[in-house]
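In the working numbering, the protein residues as written are 1351 to 1506.
Just so you know, nobody snuck in bad clues.
Derived pair list, reagent style DSBU-like, types lysine-lysine, alpha-carbon separation capped at 30 Å:
1. Lys1365 to Lys1501
2. Lys1498 to Lys1365
3. Lys1365 to Lys1410
4. Lys1469 to Lys1410
5. Lys1438 to Lys1410
6. Lys1498 to Lys1469
7. Lys1469 to Lys1365
8. Lys1365 to Lys1438
9. Lys1438 to Lys1498
10. Lys1501 to Lys1438
11. Lys1469 to Lys1501
Just so you know, the hints here were simulated from the structure itself, not pulled from any lab data.
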Amino acid sequence: MISLSIPDYGDIELKHVVSDYNGTLAVDGILIEGVADALRTLSEHIEIHVVTADTFGLAKAQLAGLPVTLVIAPPENQADTKLDYIRKLGAANVVAIGNGRNDRKMLEHAALGIALIQKEGAAAETLRSADVVSTSILEALDLLSNTKRLKATLRS
1351 MISLSIPDYG DIELKHVVSD YNGTLAVDGI LIEGVADALR TLSEHIEIHV VTADTFGLAK
1411 AQLAGLPVTL VIAPPENQAD TKLDYIRKLG AANVVAIGNG RNDRKMLEHA ALGIALIQKE
1471 GAAAETLRSA DVVSTSILEA LDLLSNTKRL KATLRS
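Just need the whole structure built from these sequences, with the hints factored in.
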């Protein structure tokens, strides 16, 4: 678990990371270099879930052997599927990470939403739904290990 106390933002106890795959952890279906190691390290403190439509059909193979729970979402109603997933985990204990329009609801309703702008870009709606915006998945995951960075960004 990762505990945060952020002035004028609140106390948060994060038990789960719920991440999109393509555009977030991967580019064109291939895991971004360094992500596997970052997920292994982070999994020592928090459970990691990947919920994806798996556009390129590579998520299962790319994530094999990593300490993550993989969920392949059906092509329709993905935003609601992802939102339902974090609600089942307990949204108040979830950090959600994504870039696509289908990630916007989970970022909005999670205790902490991190939007990414990487090679695939990011949906404007998703950026508006996030608490934090990052330009690198490795930097976004590193925020969870170096929580003073989150405090500096989110306090008022």
